[in-house]
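This is what each chain is made of:
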Amino acid sequence: MDATKRFRRSRRASALVALGAVGAGMLAGCSSDGDEPQAAGDGQLPEGGVTIDFWGWVPGLEELVAQWNDDNPDVQVEFHRMTGDDGQKVEAAVDAGSGPDVVQLSSHDLPNYVINGRVQDITDYVGDVEEKFTPASWAQATVDGRVYGIPQGIGPSGTMYREDIFADNGIEVPTTWDEYLDAARELKAADPDVRIANIASSEIGQWVQEVSQAGSTWFDIEDDTWKVSVNAPESMEIAERWQTLLDEDLVTTEQMWTPEYWALLNKGEIATVSYAAWFPLSLAENVADQAGLWRVAPMPTPAGSDAQGDSGGAANVVLKGAEYPEAATAFISWLNGSDETQDALITEGGLFVSTLAGLESDALMQEQDFYGGQVINEVFAEAAANTPDTWVEGPNYNTASTAITDEFAKVVTGKQTFADALDNAQAKTVADLESRGLDVSE
Amino acid sequence: MSTTLVRTTARRRFSGSGRWWVPYVFIAPFIVVFVVFMVAPIVIAIVNSLFATQTSGLGFGGSETLFVGFGNYLRAFADGDFLMSFGRVALYGIVQVPVMMIIAATLALLFDSAVLKLKRFFQFAVFLPYAIPGVIAALLWGFLYQPSVSPFLQFFSSLGIDADMLAPGTVLWSIANISIWSNVGINMIILFAALQALPREAYEAARIDGAGEIRIAMSIKIPMIAPAVLLTTLSTVIGTLQLFNEPQVLQTITANVSSDYTPNMAIYAASTLGGDTNLGSAMAVILGIATLVVSLILVRFTNRTPKESAS
Numbered sequence: 001m002d003a004t005k006r007f008r009r010s011r012r013a014s015a016l017v018a019l020g021a022v023g024a025g026m027l028a029g030c031s032s033d034g035d036e037p038q039a040a041g042d043g044q045l046p047e048g049g050v051t052i053d054f055w056g057w058v059p060g061l062e063e064l065v066a067q068w069n070d071d072n073p074d075v076q077v078e079f080h081r082m083t084g085d086d087g088q089k090v091e092a093a094v095d096a097g098s099g100p101d102v103v104q105l106s107s108h109d110l111p112n113y114v115i116n117g118r119v120q121d122i123t124d125y126v127g128d129v130e131e132k133f134t135p136a137s138w139a140q141a142t143v144d145g146r147v148y149g150i151p152q153g154i155g156p157s158g159t160m161y162r163e164d165i166f167a168d169n170g171i172e173v174p175t176t177w178d179e180y181l182d183a184a185r186e187l188k189a190a191d192p193d194v195r196i197a198n199i200a201s202s203e204i205g206q207w208v209q210e211v212s213q214a215g216s217t218w219f220d221i222e223d224d225t226w227k228v229s230v231n232a233p234e235s236m237e238i239a240e241r242w243q244t245l246l247d248e249d250l251v252t253t254e255q256m257w258t259p260e261y262w263a264l265l266n267k268g269e270i271a272t273v274s275y276a277a278w279f280p281l282s283l284a285e286n287v288a289d290q291a292g293l294w295r296v297a298p299m300p301t302p303a304g305s306d307a308q309g310d311s312g313g314a315a316n317v318v319l320k321g322a323e324y325p326e327a328a329t330a331f332i333s334w335l336n337g338s339d340e341t342q343d344a345l346i347t348e349g350g351l352f353v354s355t356l357a358g359l360e361s362d363a364l365m366q367e368q369d370f371y372g373g374q375v376i377n378e379v380f381a382e383a384a385a386n387t388p389d390t391w392v393e394g395p396n397y398n399t400a401s402t403a404i405t406d407e408f409a410k411v412v413t414g415k416q417t418f419a420d421a422l423d424n425a426q427a428k429t430v431a432d433l434e435s436r437g438l439d440v441s442e
Numbered sequence: 001m002s003t004t005l006v007r008t009t010a011r012r013r014f015s016g017s018g019r020w021w022v023p024y025v026f027i028a029p030f031i032v033v034f035v036v037f038m039v040a041p042i043v044i045a046i047v048n049s050l051f052a053t054q055t056s057g058l059g060f061g062g063s064e065t066l067f068v069g070f071g072n073y074l075r076a077f078a079d080g081d082f083l084m085s086f087g088r089v090a091l092y093g094i095v096q097v098p099v100m101m102i103i104a105a106t107l108a109l110l111f112d113s114a115v116l117k118l119k120r121f122f123q124f125a126v127f128l129p130y131a132i133p134g135v136i137a138a139l140l141w142g143f144l145y146q147p148s149v150s151p152f153l154q155f156f157s158s159l160g161i162d163a164d165m166l167a168p169g170t171v172l173w174s175i176a177n178i179s180i181w182s183n184v185g186i187n188m189i190i191l192f193a194a195l196q197a198l199p200r201e202a203y204e205a206a207r208i209d210g211a212g213e214i215r216i217a218m219s220i221k222i223p224m225i226a227p228a229v230l231l232t233t234l235s236t237v238i239g240t241l242q243l244f245n246e247p248q249v250l251q252t253i254t255a256n257v258s259s260d261y262t263p264n265m266a267i268y269a270a271s272t273l274g275g276d277t278n279l280g281s282a283m284a285v286i287l288g289i290a291t292l293v294v295s296l297i298l299v300r301f302t303n304r305t306p307k308e309s310a311s
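Residue numbers (this note's numbering), protein chains in the order written: chain A, 1 to 442; chain R, 1 to 311.
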């Protein structure tokens, strides 16, 4: 599951409760526009200053925005924290001409936004900020050779595991997927209540990171057509592994982010979670009683490979309708690329940053008590360096991921196999692209 | 003197001369709201459903909007999962509507009779869930459906009964349970209000004729509140076709609610998740027509019954 989905699912429950409050907050936000003495004063002069509306979900952005506003009286940023289904409202808001100027967007969604003309080409405004970022993350904000956003974090994979459960049962922490299957069987034999992991049919990021690790992708561009490969041979191999885990009852199948899921973890019935670099923070918050018992290892690898995966990152993009794309680009370049913001993005935001400075910063390489004093980001940094560059973002990621999660749900209830599910999802994805008039090949 | 005055004003008011536009000003607020919030959305949805956004090649060269006639409708009808969602709510409705109506009517009759003590308290208790927004209700029940956090399921488990409220075969009825819990109160209140308005003399007469309380309820009270029963049944049936909140919330805790579990969810999946508002509009029009047809059939059917029984 990529960062957008994570925010959508995990926060949905609480967000729905807070929906009313958010609405009230937005109203308050609008009215405060005119109340600020400075904004009112500047409003008299057309060239005297601009206001940029920015929607995002990274924790701690409020402080960074305040810092920017203090330093840049001419470009004032209004921040709105995204909750619930705000991510899906953006498209409608942009189409209606009432969207924000800048939004945090999952990198998976970018091509769709480009095709529908919802983002602005900012190639001419980015200057040399590209030098600040890793080439892989910069590529994620680029579509068809043009720059449409500034990267904001990536999702390299790792495996969080209960060190005590493995040690107590005398089981080695698996380094390959073959060892992983053996460990799963041994764990269950040693303690019938314990499973090696949870497979959540709706948690698409956990699937994406293994597809990425296998050096595959869902989409690619070949001969000026979209090549769809949801059921590519590499994915079929992963499907086979997942099928074994399911058929031999080696995994639980709860939806992630639910009370039930956290209860299973708190009871010590799930021994590992393989997920992106932003997950350790959620884990530490939700199973706080198990502080010191968890460690992070590289995600198990296919035999003879040291490849890791990435479940997707995010970018800040300038939306259609933003009147001052240059000022907006200056802000998001500073927010994500500047050396002075990296520590806050890492410690407050829990981001795995994608800037060269950030990757070397002390803030990233901190020992974490919850993980027994391990510097866990060393593992994720290594993973980021070992992620194949095969994954290509496609024009209907949402349709493909919805199709896969719907089909996977039928696998969990035993109606079909993971291989069937991929074939069906492939067909749905291709049909959707064709209905839009795009050139598609399989 | 005063009579003349009244007569002249009256004549002036109704003579039709003078400010002919006055009545239009008075109905203008209604017309404006009706057109903007009722007619316009329907027209826009129908128009949208006849077009499609088409791109070509890789899609980066911009898009154009084409008239495709009933193309989107054909796509909707060719979508097996969308059609299945109608079957699902039909099955749901066949069970949920009668259960809802029987519970609501039974409670209304009990509150109307002299049998019950602490009437006000129980009425309030039954009505209270209606004051809780549907999404919140679904969240609450979501907790109660998850074995590790549900006191009920843990209690049953200690008795040796492992109930899975979220299994493929049970989740539909878990949704029905939430909906009944939420809405039985308002239906009960409508039926109860209708019962309270009935003339008590009819019961007196029936009692003198030797009818018991149950006989009075079945033969006098229920037939006399038939319009209220129709109203509540109709709103329950429409609520069934519009089912969205409860399954959408339960989708976050179980894999057994797909993205197109109900027609409304399928519309949401097509338009919001899939970004195809034209297809979503076509699906919405289909759902609207289906709702209209079911409602008309229900009204026809129930209107006929009393006439036949009266003749």
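Simulated from the structure, these hints should not be mistaken for laboratory data.
Mixed in with the good hints, there may be bad ones.
[To be verified] Coverage of chain A stretches by chain R, computed from C-beta distances (three or more under 8 Å per stretch; other residues unrestricted):
hint: 1; segment: 56 to 69
hint: 2; segment: 115 to 122
hint: 3; segment: 215 to 227
hint: 4; segment: 239 to 253
hint: 5; segment: 263 to 276
hint: 6; segment: 389 to 399
Ideal Cβ positions, reconstructed from N, Cα and C, are used throughout, including at glycine.
Status of each hint after checking the structure:
{"no.": "1", "hint": "56 to 69", "in the structure": "violated (count 0)"}
{"no.": "2", "hint": "115 to 122", "in the structure": "holds (count 3)"}
{"no.": "3", "hint": "215 to 227", "in the structure": "holds (count 4)"}
{"no.": "4", "hint": "239 to 253", "in the structure": "violated (count 1)"}
{"no.": "5", "hint": "263 to 276", "in the structure": "holds (count 3)"}
{"no.": "6", "hint": "389 to 399", "in the structure": "holds (count 4)"}
The structure shown violates the earlier hints numbered 1 and 4.
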